[in-house]
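Between the sequences and the hints, there should be enough to build the whole structure, so can you do that?
What follows is each chain in one-letter form.
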Amino acid sequence: MTNPADLTLAELRDALKKKEVTSLEATDAYLDRIEKAKALNAFITVTPEKARDMAKASDAQLAKGEGGALEGVPLGIKDLFCVEGVLTTAASHILDGFHPRYESTVTSQLWCDGAVMLGKLNMDEFAMGSSNETSFYGNVINPWRSESGGNADLTPGGSSGGSSASVAARLCAAATATDTGGSIRQPASLTNTVGVKPTYGRVSRWGIVAFASSLDQAGPITQDVRDAAIMLKSMAGHDPKDSTSVDHPVPDYEAVLGQSLKGMKIGVPKEYRIDGMPEEIEKLWAQGIDWMRDAGCEIVDISLPLTKYALPVYYIVAPAEASSNLARYDGVKYGLRAKDYTDITSMYENTRAEGFGDEVKRRILIGTYVLSAGYYDAYYLRAQKVRKKIFDEFTDAFSKVDLILTPSSPSAAFGLGEKTADPVQMYLNDVFTVTANLAGLPGASVPAGYDKQGLPLGLQLLAKPFDEETMFKGMFALEQAAGANKRPKEWWGK
Amino acid sequence: MSIDKETVRKVAKLARIAEPEERLEPLAKELSGILGWIEQLNEVDIEGVEAMASTVDVKLPMREDKLQDGPTGGGQPENVVANAPKTEDHFFVVPKVVE
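Line by line, the protein sequences give chains A and B.
Counted from 1, the first sequence has number 445 at position 444 by this note's numbering; the numbering is strictly sequential.
Counted from 1, the second sequence has number 110 at position 54 by this note's numbering; the numbering is strictly sequential.
No lab work stands behind these hints: they were computed from the structure.
It is possible that some hints are incorrect.
Stated by the list, open to error - Here are some of the chain A residues that sit facing chain B, going by a computed Cβ distance under 10 Å:
hint	residue
1	Asn326
2	Ala328
3	Gln481
Stated by the list, open to error - Okay, derived cross-link-like pairs now, DSSO-like style, lysine-lysine, Cα gap no bigger than 27 Å in a straight line:
hint	chain 1	residue 1	chain 2	residue 2
4	A	Lys362	B	Lys115
5	A	Lys340	B	Lys152
6	B	Lys69	A	Lys340
7	B	Lys85	A	Lys309
8	B	Lys69	A	Lys362
9	A	Lys362	B	Lys122
10	B	Lys122	A	Lys334
11	B	Lys115	A	Lys390
12	B	Lys115	A	Lys389
13	A	Lys465	B	Lys115
14	B	Lys115	A	Lys242
All figures in this text were calculated on a predicted structure; none of them were measured in a lab.
For glycine and all other residues, C-beta sits at the position ideal for the given N, C-alpha and C.
In structure tokens form, the structure reads like this:
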């Protein structure tokens, strides 16, 4: 029999139900891979005992012919989700030793459906980054390497870099992730994986360490589109503990895969053709348009003139919300407390100086500045108004089209250290993804091809709010047409 | 707009982050770079536009005013203080605040 860790989540689910493999065998196969893949630094914490206990419990269920939709399937969990009794760090020094006494809604739903936890995945500190270079626990390395660039380490994208790298290297059947400005879709694009950011309100944020509350949304990173459909069904749903969670039925996303796209209208926004975008991405996008046309879709040219303002809006709104959310890290309630201080103010100041990394500090300072007296109207209020205009622009576009097709990221995976010198250069990575967060729309990245160096490139689909089903139909069609299902050459195993 | 060293000092104080003197100048440069790039928002006509704080168009839900069960409920001080760096009898311990 093949290694169970080589199966997709759907294949493993079916093999477990047919008793062709046990959850413990699959779990051990993954734990063995994780052990050998330390060079990727994808995990912050591995939980082998918990994993084996959960696997044994799943095997008992499966033996009786029972169990949930994910019974026995081993998953990786981004270290932003609170898991009861398991170190949860948000990849920050300031959460040292934090063992939550409660379980996030998303993970509790996954466990309820029978999933097994392998461990907590590395990420950018507090999800602030696009290259996974801001983690207190070190960079995550992309399993993909350039065919002509020697052995240079590349970024797996960010902030969900541990999620994307671990799925690409098959260190887990699938992973949870979160997306505030592109943190699911950009890493998926850079690692040949599928990433889905659902509609804002689709998935509960309760128990997820908050970054920017009006933008944060959790979703899966998976090996293929079917796996993403299965994961999202388990993760989604109304939660009274999150006041922005929407009470809307969760459809069976898997059931729509393979349905006809005939007559569907696909919008192509001309503003996503940006200066300096590699020709290969432009070509891939054109290819994607042809694939959708071949699938029976009508292609509609649309205009979203405010696109270029989305990132500047984001870099006011997100830091403003972050500066407020991160005020809770004060050395009193959890995590780190500085050793040297003279009074309560210096205790706060020294704790936060020691505990936060440079990018997090930068964003807290920006957020504090744009919310401070005298600047609130000029920055924060203006940004919220431009956000409304961007939202309206999308509402208008979606009155004419069913889906919007764009590239996922303006470049393939780049070298670690290549963009760290200039924050704005790093921020530009999210130029195609951030609009969906500002407008609250669902978006997904699907592997679509490779550049000259053999590095993966993704295409993005955006859909109407709560119309993930149409998005999944389109994603499946793109996946079938592209057939971009290569795996990275395994250089990291010892 | 560019921000100077003194503004960084003030903002860092507001944010309760101790920034050493030698970091203030470089931070002023970094933050000015970011804010300078953000300035392009001034090109957008926002006359009469309503500010948007959330994309979810629902009223905040209300619940009955009674103690919840489970993790959001009461009566579990040991869980509340479990992760605190310093505690005593279910209290958070901090440096003296009132003389």
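Each hint, compared with the structure:
1. Hint on asparagine 326 of chain A is violated. Least Cβ distance to chain B is approximately 12 Å, over the 10 Å limit.
2. For alanine 328 of chain A, the interface hint holds, since its Cβ comes within 10 Å of a Cβ in chain B; the closest pair sits about 8 Å apart.
3. The interface hint given for glutamine 481 of chain A is violated, since its Cβ lies 31 Å from the closest Cβ of chain B, which is over the 10 Å cut-off.
4. In summary, the hint linking lysine 362 of chain A to lysine 115 of chain B is not supported, as the alpha carbons are separated by about 33 Å, beyond the 27 Å threshold.
5. Distance check on the hinted pair: lysine 340 of chain A and lysine 152 of chain B sit about 16 Å apart at the alpha-carbon level, within 27 Å; holds.
6. Only pairs whose Cα atoms come within 27 Å are accepted, and lysine 69 of chain B paired with lysine 340 of chain A is accepted, the gap being roughly 19 Å.
7. Taking the CA atoms of lysine 85 of chain B and lysine 309 of chain A, the gap is about 23 Å. The hint holds against a cut of 27 Å.
8. The hinted pair formed by lysine 69 of chain B and lysine 362 of chain A meets the criterion: a straight-line CA distance of about 12 Å does not exceed 27 Å.
9. Distance check on the hinted pair: lysine 362 of chain A and lysine 122 of chain B sit about 39 Å apart at the alpha-carbon level, beyond 27 Å; violated.
10. Distance restraint check for lysine 122 of chain B and lysine 334 of chain A: the Cα-Cα separation of roughly 25 Å lies within the 27 Å cut-off, and the hinted pair is therefore satisfied.
11. Distance restraint check for lysine 115 of chain B and lysine 390 of chain A: the Cα-Cα separation of roughly 21 Å lies within the 27 Å cut-off, and the hinted pair is therefore satisfied.
12. In summary, the hint linking lysine 115 of chain B to lysine 389 of chain A is supported, as the alpha carbons are separated by about 18 Å, within the 27 Å threshold.
13. Pair hint lysine 465 of chain A plus lysine 115 of chain B holds up; C-alpha atoms about 21 Å apart against a cutoff of 27 Å.
14. Among the hinted pairs, lysine 115 of chain B with lysine 242 of chain A is consistent with the structure: their alpha-carbon atoms are about 15 Å apart, no more than 27 Å.
When each numbered hint is compared with the structure, violations occur for hints 1, 3, 4 and 9.
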